[in-house]
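Number of protein chains: 2
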Amino acid sequence: MPDDPSKHFGDRLTAAIIAKKTPLVVGLDPRINQLPVNLTSSSDASSEEKQAELTAQFCCELIDVVADLVPAVKPQAAFFERLGWHGMVVLSRIVDYAKQRGLLVIMDAKRGDIGSTAQAYASAYLGPKPQSTWGCDCLTVNPYMGNDTLEPFVQVANQTGSGIFVLVKTSNPGSGTIQEQSVDGGANVGQKIYRIVADKVQELSADCIGQSGFGNIGAVVGATYPEQLAELREAMPNTIFLIPGFGAQGGSAADVAGGLDDKGLGGVINSSRGIIFAYQKPEYSGAKSWHAAVEQATHDAIARIADGTSASKLR
Amino acid sequence: MPDDPSKHFGDRLTAAIIAKKTPLVVGLDPRINQLPVNLTSSSDASSEEKQAELTAQFCCELIDVVADLVPAVKPQAAFFERLGWHGMVVLSRIVDYAKQRGLLVIMDAKRGDIGSTAQAYASAYLGPKPQSTWGCDCLTVNPYMGNDTLEPFVQVANQTGSGIFVLVKTSNPGSGTIQEQSVDGGANVGQKIYRIVADKVQELSADCIGQSGFGNIGAVVGATYPEQLAELREAMPNTIFLIPGFGAQGGSAADVAGGLDDKGLGGVINSSRGIIFAYQKPEYSGAKSWHAAVEQATHDAIARIADGTSASKLR
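Going down the list, the protein sequences come from chains A and B. Counting from 1, one number per residue, gives the positions in the first sequence under the numbering used here. Counting from 1, one number per residue, gives the positions in the second sequence under the numbering used here.
In isolation and in its complexed conformation, chain A is listed as follows:
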């Protein structure tokens, strides 16, 4: 156990969930062609630089709306990389701004590579500045290359009190291609790939448990696979889940319920489009601004999760 829970990601995320009374996190997926019209119409949005500037404005205003409501935001790196290096300047600003507003930052970049390259990604993203370049609290990591490629991320996470979420069972329809294959030999005979990854993640997290009972090494498990979510919750008692797929991708509160423990802890539930582009949805068409639509959609998602899961215990 760490002496100082403020230096342990599992503890920090758990404390933030308890403080905000919800496991909802907001995904920052700023697709440029979906930005509110009153942002884009006021100026020339044709250059990457200008698009990046609008993206920064949108994300900072989003952060202002949700900062008091949720424990963390999850920027999706792809939508910033899409805007070239201008987008990366903006991503850096947004990470800093979210942290300044008291939010944890889960960088959703799904990195993964071997040896010293994995080390470079880990040092780039994990932990406070200036040791880390980007200063994020957490990074999503892809396990396809093997257990040895997780090690540099685990080591840096534990050194810096940051975390990783390893892709275990993802929310997309085709996630079975590899993840659902069951294996025919060795110690894992009959087990599915996602379960082999899950067992490794639980082992890694059990090695770095904080005062919360959770470690720094989390797992991505999609809301769209509620059976696997419940199975893995039981198999991974010390592992925090990042649960995508709630809302726009079809996952309901009932679907995510199995991902939380009986105190409403052990998982964060991400919603991106359903919140940040709420202004496009008929039910929020009466909102006086896109900000008001986002705020109402956030409250609604928090309420849906509380009504349908053990997150009610946090209230």
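Careful, some of the hints might be misleading.
As the list makes no split between identical chains, a pair holds if one copy fits it or if it spans any two.
[Claimed, not checked] Under the rule of at most 30 Å between Cα atoms (straight-line distance), these lysine-lysine pairs were calculated in the DSSO-like manner: (1) K129 - K281; (2) K129 - K99; (3) K281 - K263; (4) K129 - K50; (5) K7 - K200.
If you are wondering where the hints come from, they were derived from the structure by calculation, not from laboratory data.
Once you have looked at the hints, place chain B on chain A.
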């Protein structure tokens, strides 16, 4: 078949291999603490901005040395992301500079995500500017999330005449964790995961064969697994391989030989550290500059590959 081979990645890469008479590609992995002393000692290298500037200088001078010798360079995104957004500015400059010097650019970023996020990564990196933000010829892609997550990359690659290399069997010692598991059910009973991915990649590449006989969808297969390399060469006749692990990681010319067809085509062989940091190796200690060490190491690697593989047919 495309009408214009200059608009097809498989054809463009094959033509470049034939023109340069070698399948060697140079990996740009600019670890900041390994840059030549005469670069770093002349100035304060403590800030990210300054480190990025030195990285740009190093990579551009590397490109000058190898531009006439090899078909492509492979920047490793991690070492640029490590330098924050300053590193991304430099990465963008380096891509442009390599293309200006007539090299193909394989962006080694191992991206992978679902639906519109994968679409954003594909549009970010693949194809010529301005449709693509970064303007690369090719991107490495991670298949763990499933076949549906490959589709946006395949579509953009085929539309823009660019390519992807999908991770199949990677060069690291732990690559077996997932890739070497053999499965016990369905159409693939008894097959290993890497082979299931390989069969999908071959199918995708067979759907977009150019005049060269190769498609736009390639596979990463490590030099450190020569048996699998030879097995996959036979199973994937229309797929170009990106073969890492040659040189510093231990792969010899004999190890990579099975990755090329009988004309010396169908693969590119990457060397990073062994070439770009050649000045640190005892055998090049007599070189009059780090540039001269790089040039000699490139010639030596080309000769070793030609002597030990069918790439001799290209000479």
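**Asked** Going back to the hint list, which numbers does this structure go against?
**Response** 1, 3
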